[in-house]
Structure formats: C-alpha cells, structure tokens
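Going line by line, the protein sequences match chains A and B. So the first sequence is numbered by numbering that gives the first Met the number 0: it starts at 0 and just counts up by one. So the second sequence is numbered by numbering that gives the first Met the number 0: it starts at 0 and just counts up by one.
Be careful, since some hints might not be right.
Stated by the list, open to error - Below, in silico cross-link-like pairs of lysine-lysine (DSBU-like), each with a Cα-Cα straight-line distance of 30 Å or less:
1) B:Lys73 - B:Lys5
2) A:Lys95 - B:Lys34
3) B:Lys34 - B:Lys5
4) A:Lys95 - B:Lys4
5) B:Lys136 - B:Lys34
6) B:Lys73 - B:Lys34
7) A:Lys95 - B:Lys73
8) B:Lys141 - A:Lys164
Calculated directly from the structure, the hints in this document are not laboratory data.
Take a look at the letters that make up each chain.
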Amino acid sequence: MIYLQLLLSFLQIGLFSFGGGYAALPLIQDQVVTLHGWLGMTEFTDLITISQMTPGPIALNAATFVGTKVAGLPGAAVATLGCILPSCVIVTVIAKLYLRYRSMDALQGVLAALRPGVVAMIAAAGVSILLTAFWGGDALADLAGTDWGMVLIFGLCFLLLRRTKLSPILVMVLAGVVKLGAAAAGGGAG
Amino acid sequence: MESRKKVLWKLFFSTLYLSAFTFGGGYVIITLMKKRFVDGYRWIEEEEMLDLVAIAQSAPGPIAVNGSIVVGYKLCGMLGAAVAILGTVLPPFLIITLVSFFYQAFRDNWVVSQLLEGMQAGVGAVIASVVYDMAAKVVRGKEASSIAILLAAFAATCFFGVSAVYVVLACILIGLIQTMIKKRRAGK
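In isolation and in its complexed conformation, chain A is listed as follows (with noise of 0.2 Å):
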C-alpha cells in the first residue's frame, strides 16, 4: 500500500532529522532513494536545487515532491502528515516537560553527541551528490569518465561561497548558467 509506505518513511524522516536545514538531507536520501528508489539521484538533486530556490523546510518540500510523483496529490498529502506528525507530538512532551523541570541535561547531552554525528552524515549526502555531478551516478568513480568542467565549476562556487558574500542561491543560478553556455558553445554536444 503506497499511502502507507510513504507515511512511514516521512515519518522516520520527521522523526529522526536533528538540526534542522539539511539535517534531513542524509534521511530523505535513504528513504527515498536508497530503500524505496522513488527518486533517482539525479531527480533527488533536483529536488534539493528546487528547495534551496523556493520557500519552505527541504523535508516538507521533499514530502510534497515524492508523494506528488509516487501518488499523486493524496499521496503528497500523506507524506507531508508523517513528515510533521512526529514534531506535534515531540514538540508538545518536550514543552511539557521543560516547564516542569527547566532543567534539560539529557538532552543537552544528547544533543551534544548527535551534532557531529548530523555533520558526517550531511556531508556523505554531499559525496554521493558529488559523485552524481562528477561521474554522471551509479558508476564507479574512474578518472578517465569525469566531467572536469563539472569539477571546475563546483571549484569555482566553492571559491565564490568562501571569499564572496555572494548568496548560495545566486551562486547555484551562476553555475547553471556557466554549464549551459559551456555545452551551447559546445555546440550543443554537452
């Protein structure tokens, strides 16, 4: 049952994404990659390009774009619900029990063990991301299939995010419009 499978696997996404921003991104890509194989890596990410462009959470976005294309607008409905389910009930115990005890060391603590764990997991995310740009996907990594004009444009964002105070946004934007006028003076070869 579709409906079923993509609220149980947003709700692991809402559930387990610590931190915010791309916390998720790690969890969206097993659930919806890797398990489930509703996105492939080129569309999940799209779907990021798209997130980081318009308004709103990259879960809620990821919940609406899944569930549209797997099932439809009752099926991007179910997975935003298991996406925020786990927050309304969260949320409400945590507020409760702050109020009641004003003292949070547990979680504090945890919280202090989960932050290096969200960093390696984000920044697998963007390996697999990488690999996807670099070498065109699934295959292995060899030198003589890259994209080295791929390579130099994420060289040259990577340069214009950490000297510039360029936005994120308009860096993505710039890299796009490197890469369609590289492959149109290409002659369209790409």
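Got chain A sorted already, so can you dock chain B onto it with the hints?
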C-alpha cells in the same frame, strides 16, 4: 488582549506569510517569528521566546514546523498549534505541487536540463561549504569524543552504507551514556 478568534486568524496569516517568503531555512524563520510575535504583536515575552526557540531547535523535524507548533501552542493551545502548522505547511505544499507538475516537461527541455546539471555542481559546493563550517566548529571544540563521532559516522554512512536512522540512534545512546557518566562523576 484581543479576542481568541482574532488571535487565531492573525496567527494563521503570520505563519502563512513567514513560510511563503522566508528563504534560507529554519534558523532564519525562527528569527523572523521572534520579530513578529515578540517585538511586533507583543504576544510573547522575550525570555519565554528564547526557551520556545530552544525547544524548536532541539526537537526532531523541520525547525519551521517545530517553531510554529510551540508558538501556536503557547498562544491558543492545541487549536493554535494546528492553525500555525497549517499556515506553515500550506505555502511549500502548494509551491512544490506546482513545481512537480511542470518538472518532467521542464527536465526534458535542453536549456533547463543543462541549467539543472550545472546547478548540481553548485548545490554540491553549497553543501561542501556548509559542512566545512560545521566540521571546523566540531574540530575547534577539541572534544575527543565529538571528533571520534564525526569520523566514525562519516565512515559508517559513506563507506559502509549504514542507514542514517542507525547513526542517529547510536548518537542518542552515546549522548545518554555520556550524560550519565558526567552526572555520576559530579555526584561523587
């Protein structure tokens, strides 16, 4: 204080507005919520808002959703939370539905596909830059256990394909054990 119905409407439109026009993730929207509800409407005290933000950030799930739940719940109980969630969820839901409707047609267009392909390298760079900052913070903390968790979690997910759920569970367990050990030491 305004009537409950009026507060609920204002709450709905505030969260709807913030969700529709905030780019740049949960931390940004939380700051804007504080501006609107503490400085603008004066519905919540500054101190209390800081606690609410802390809860929204430490609970799992999207921070924007968590933030709207705590604020809504604080103002009007369960109904307030429901109204605030609806306001937060609606804009991305509508926008992405529209996007996915056109996605296939767009993706097959040569210009769009070249743009998106180039943007893959851009997204990779954005993530690399974010990870660089976050990892540098962990390393600068000079806490041996944190650095060990960082390396182990990266190896586990990147090289051994361990699911993110297990990494999160392992981190929670380690955090609880560390807290227990610290408490016992402090007790003696």
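How the hints compare with the structure:
{"no.": "1", "hint": "B:Lys73 - B:Lys5", "verdict": "holds, 16 Å"}
{"no.": "2", "hint": "A:Lys95 - B:Lys34", "verdict": "holds, 24 Å"}
{"no.": "3", "hint": "B:Lys34 - B:Lys5", "verdict": "holds, 19 Å"}
{"no.": "4", "hint": "A:Lys95 - B:Lys4", "verdict": "holds, 25 Å"}
{"no.": "5", "hint": "B:Lys136 - B:Lys34", "verdict": "holds, 28 Å"}
{"no.": "6", "hint": "B:Lys73 - B:Lys34", "verdict": "holds, 16 Å"}
{"no.": "7", "hint": "A:Lys95 - B:Lys73", "verdict": "holds, 11 Å"}
{"no.": "8", "hint": "B:Lys141 - A:Lys164", "verdict": "holds, 28 Å"}
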